[in-house]
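Visitor: The lines below spell out each chain.
Protein chains: 2
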Amino acid sequence: MTAELPTPDTTLRAMQAIVGANACRSGDADTQAYVTDYRGIYRGQAQVVVLPASTEEVSRVLQWCHAQRVPVVPQGGNTSLMGGAVPDDSGTAVVVNLSRMNRVLAIDPVNDTMTVQAGVTLSAARSAAEAEQRLFPLRIGSEGSCQIGGNLSTNAGGTAVLRYGNMRDLVLGLEVVLPDGRIYSSLRGLRKDNTGYDLKQLFVGAEGTLGIITGAVLKLMPQPRSSAVAFVAVPDPAAAVALLGEAKRLSGQAVTAFELISRPALDLVLEYLGNIASPLQERHDWMVLVELTSGTDAESLNATLMEILESGFSQGLVLDAAVAASLSDAQTFWRIREEISDAQTRTGGSIKCDVSVPLSRIAAFVEEASARVLELVPDARMVIYGHMGDGNVHFNPLRPKDQPARDFLTQWYEPVSALVDGMAHAENGSISAEHGIGVAKRDDLTRYKSQVELELMWQVKQALDPLNLLNPGKVLPAPGR
Amino acid sequence: MTAELPTPDTTLRAMQAIVGANACRSGDADTQAYVTDYRGIYRGQAQVVVLPASTEEVSRVLQWCHAQRVPVVPQGGNTSLMGGAVPDDSGTAVVVNLSRMNRVLAIDPVNDTMTVQAGVTLSAARSAAEAEQRLFPLRIGSEGSCQIGGNLSTNAGGTAVLRYGNMRDLVLGLEVVLPDGRIYSSLRGLRKDNTGYDLKQLFVGAEGTLGIITGAVLKLMPQPRSSAVAFVAVPDPAAAVALLGEAKRLSGQAVTAFELISRPALDLVLEYLGNIASPLQERHDWMVLVELTSGTDAESLNATLMEILESGFSQGLVLDAAVAASLSDAQTFWRIREEISDAQTRTGGSIKCDVSVPLSRIAAFVEEASARVLELVPDARMVIYGHMGDGNVHFNPLRPKDQPARDFLTQWYEPVSALVDGMAHAENGSISAEHGIGVAKRDDLTRYKSQVELELMWQVKQALDPLNLLNPGKVLPAPGR
Chain A
-18 MTAELPTPDT
-8 TLRAMQAIVG
2 ANACRSGDAD
12 TQAYVTDYRG
22 IYRGQAQVVV
32 LPASTEEVSR
42 VLQWCHAQRV
52 PVVPQGGNTS
62 LMGGAVPDDS
72 GTAVVVNLSR
82 MNRVLAIDPV
92 NDTMTVQAGV
102 TLSAARSAAE
112 AEQRLFPLRI
122 GSEGSCQIGG
132 NLSTNAGGTA
142 VLRYGNMRDL
152 VLGLEVVLPD
162 GRIYSSLRGL
172 RKDNTGYDLK
182 QLFVGAEGTL
192 GIITGAVLKL
202 MPQPRSSAVA
212 FVAVPDPAAA
222 VALLGEAKRL
232 SGQAVTAFEL
242 ISRPALDLVL
252 EYLGNIASPL
262 QERHDWMVLV
272 ELTSGTDAES
282 LNATLMEILE
292 SGFSQGLVLD
302 AAVAASLSDA
312 QTFWRIREEI
322 SDAQTRTGGS
332 IKCDVSVPLS
342 RIAAFVEEAS
352 ARVLELVPDA
362 RMVIYGHMGD
372 GNVHFNPLRP
382 KDQPARDFLT
392 QWYEPVSALV
402 DGMAHAENGS
412 ISAEHGIGVA
422 KRDDLTRYKS
432 QVELELMWQV
442 KQALDPLNLL
452 NPGKVLPAPG
462 R
Chain B
-18 MTAELPTPDT
-8 TLRAMQAIVG
2 ANACRSGDAD
12 TQAYVTDYRG
22 IYRGQAQVVV
32 LPASTEEVSR
42 VLQWCHAQRV
52 PVVPQGGNTS
62 LMGGAVPDDS
72 GTAVVVNLSR
82 MNRVLAIDPV
92 NDTMTVQAGV
102 TLSAARSAAE
112 AEQRLFPLRI
122 GSEGSCQIGG
132 NLSTNAGGTA
142 VLRYGNMRDL
152 VLGLEVVLPD
162 GRIYSSLRGL
172 RKDNTGYDLK
182 QLFVGAEGTL
192 GIITGAVLKL
202 MPQPRSSAVA
212 FVAVPDPAAA
222 VALLGEAKRL
232 SGQAVTAFEL
242 ISRPALDLVL
252 EYLGNIASPL
262 QERHDWMVLV
272 ELTSGTDAES
282 LNATLMEILE
292 SGFSQGLVLD
302 AAVAASLSDA
312 QTFWRIREEI
322 SDAQTRTGGS
332 IKCDVSVPLS
342 RIAAFVEEAS
352 ARVLELVPDA
362 RMVIYGHMGD
372 GNVHFNPLRP
382 KDQPARDFLT
392 QWYEPVSALV
402 DGMAHAENGS
412 ISAEHGIGVA
422 KRDDLTRYKS
432 QVELELMWQV
442 KQALDPLNLL
452 NPGKVLPAPG
462 R
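Chains A and B supply the protein sequences, listed in that same order.
The opening position of the first sequence corresponds to residue -18 in this note's numbering, with each subsequent residue numbered one higher.
The opening position of the second sequence corresponds to residue -18 in this note's numbering, with each subsequent residue numbered one higher.
In case anyone wonders, no lab produced these hints; they're calculated from the structure.
Here the structure is a predicted model, which is why all the values come from computation and not from measurement.
Fair warning: there could be bad hints in the mix.
As the list claims (entries may be wrong) - FRET-style restraints, in silico, Cβ to Cβ: (1) B/Gly297 to A/Glu252: 54 to 64 Å; (2) A/Glu252 to B/Gly162: 55 to 65 Å; (3) B/Leu254 to A/Asp150: 32 to 42 Å.
Stated by the list, open to error - If the Cβ cut is set under 7 Å, some of the chain A residues that face chain B in the computed set are: (4) Lys229; (5) His265; (6) Gln440; (7) Val441.
Said to hold, decoys possible - Counterexamples of contact, computed for chain B against chain A with all Cβ distances above 10 Å: (8) Thr(-9); (9) Gln(-3); (10) Arg24; (11) Asp179; (12) Ser232; (13) Leu254; (14) Ile257; (15) Asp278; (16) Leu282; (17) Gly297; (18) Gly329; (19) Met404; (20) Asn449; (21) Ala459.
Heads up, the beta-carbon is just placed ideally off N, CA and C, and yes, glycines get one too.
Please construct the entire structure, taking both the sequences and the accompanying hints into account.
Guide: What follows is the structure in structure tokens.
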């Protein structure tokens, strides 16, 4: 098929005619930032990188690529961990980067909705909502770079899913350019619409394999009137789960975040940050960061938090707790949680497993998987943290201090990931709770999905993208594997 | 194609061999309840009605029907308003009624999930959750008869969507028998799972045209610790929307229900109920039923409700208000709201329009559409009520007192529905906010959906059901219309 493709020059000229010369990048130097993922793990090549300025331009780019059978890789902020947003190394693809489509088109504070182009960054979207005294609740580490189109295409999660759901739960309408250039639009801001198949669901979490999301109507929420945050030491993961149960029972739906932090995770981030001390005086093996938010007054919410902690103490679920006395305290607690990821990246040599299991199994899973990993790699630092309230932890064994990152990953990446993923799967869990599949876990799906699931995925793919032009090689393992 | 179909006798014997003779119904008398909708509007015919007892039986029924090219109509509680759950009058279909698959399979109170067979009624599901001190929040009028499978297939809404979302938002996993008998299952209870396309979304709201839902994992919530309910008179729909804004601002996400009730709707239900008086002393044109629920104490929540009402009074948004002083009061307020539908059915001659528009347009829509309908039918009783908080009202002009139902509907059903639906569509609204499409509104989609939307719906249908055997003639207008 490669032989039939237009030459890079032809493609470049065609793209220049559509988006303008200034919005095209070609040649290794100019395309490098777009064909390499931000961790530098996935490196590919592209014929051309285009940065369209409008949905109409995206449509014309896809029409041309469809007619010429040129594969297309959609790209937002390029913050994927799974290699889903960069092309393969065949050099055949056109990368369509949405960064220039970065306008907030409308905010309707009465309807509690915001209409955005796909290239708006998450932090820009959050700020725009805040300016209207509204909350857009998605909260993930890469918010300054990641874009709404990517958040939608990967069904992003983060630290407020417990209260507000994943990105899928936060979208009311989409505009999508289909593989042949047709434009599907449901940018209407309706909370109820049962007129046939809910087509937008197809594109959420599809990682750009079925079309390119160019716009969205997002849900906004009332801003909470008060929040209460505590950094809590617990004896073990089971106690953390039991404490969450108490928090839900005593606060209704006020629990917004419930994040687990293992001792090695805390040590790593405190060392990385340098100037910040643990909120707790003594060393503990397990901590949780709890956040409640509500529409009632702060006094009442703080009383609820104290009630939860006291109930936890009296049942032996809480060993110690620091309650944020100020916004600044709360920010420090959150900073400790949020910097774990960067601290790992700087340390290097971390095996990232992003698993989920039912909440009733998460404690046992963490204990058992840790024990099994430590049998294999006795000195691994068990950096385990994240969204326990959703049954999701980032389970990231880190290299022993005296082993170089490369050696550790070469030796242990495969066996440790397979072990952890396999154990999660055996608990009816997921091998990718929020990071998606990309190319990194594509072939693992043959082990962890049923035959029927794989067949259905291909039936959908072939229905929408029969020529397999949209983000080819991502998400779906080759049929018959 | 009919000529090639097996004879009813052959079909009956085949079905008997799969589900047993006791679980098959044939002949006009025995099938009547299954081929007629509950309002008696849609009457069809079936070769056989089968009541399978297991997913395996459903699978074998569908395998046989697929091999023989026999159309299949899935059926739950048969409470659809749109003719979506009964066969056409060709007499070719096998009706698969799920009523015998009515077991709650598991409740996991730590994971806050419940696994059910599709034939469990909504009220049974709610009761099972309650027995574990949990809430399953879907709340619709037909809860005693409707089934979870039907709730999922129609993405049911109701009076708690404002807080908890539609049925789509309440499901974590599905088991579905596909048109050829294959079984797709994701009954895993995960809140986060980004491993490829979220296939279950295909079947939610598809009205049984892509497969038969046989089981589901549903989300449970903490039971609220307190609730506060008020029956409030407002000057007009715009004031109601502004009051909702105040309620959201002052209570965060405590607003669980915000239901509009027009004067003719209240009159109708008070007359119907006989022994219940209006909660308000004076007559008003517009009322709203407001419910707050929260995890904090009742005192604090009542204070929030009073703060909302006082703010409303001071801004002229509230004319009068009755606050429920007891559970019994709250039940009475709710009964008034919930009996409106039955009161209409008994009165007869109501043109049911189930429309939604963005919340910022709902007040203008109600005013303008009412005026336009009254120009056509000056004595129509404007029964308008429902889920204003979601931008959704049941906009149901009712026959004048002195005009028989049949005459009124013959004369006005078509022009009034077309007027109201057209006005909703012009406001970027939906012509079926929660009732679905069935056969009743199928052909209207050609007017209100874009060509791309209709094409995509057919692309999905043909991918999953290429022989068009599952609930044929429902939801999708014939291509090329």
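Visitor: Look at each hint and say if it fits the structure.
Guide: Hint-by-hint comparison with the structure:
no., hint, verdict
1, B/Gly297 to A/Glu252: 54 to 64 Å, "60 Å, holds"
2, A/Glu252 to B/Gly162: 55 to 65 Å, "58 Å, holds"
3, B/Leu254 to A/Asp150: 32 to 42 Å, "38 Å, holds"
4, Lys229, "5 Å, holds"
5, His265, "23 Å, violated"
6, Gln440, "5 Å, holds"
7, Val441, "6 Å, holds"
8, Thr(-9), "29 Å, holds"
9, Gln(-3), "28 Å, holds"
10, Arg24, "24 Å, holds"
11, Asp179, "5 Å, violated"
12, Ser232, "4 Å, violated"
13, Leu254, "27 Å, holds"
14, Ile257, "29 Å, holds"
15, Asp278, "8 Å, violated"
16, Leu282, "8 Å, violated"
17, Gly297, "18 Å, holds"
18, Gly329, "25 Å, holds"
19, Met404, "15 Å, holds"
20, Asn449, "14 Å, holds"
21, Ala459, "14 Å, holds"
Hints 5, 11, 12, 15, 16 from the list above are not met by this structure, while the remaining hints are.
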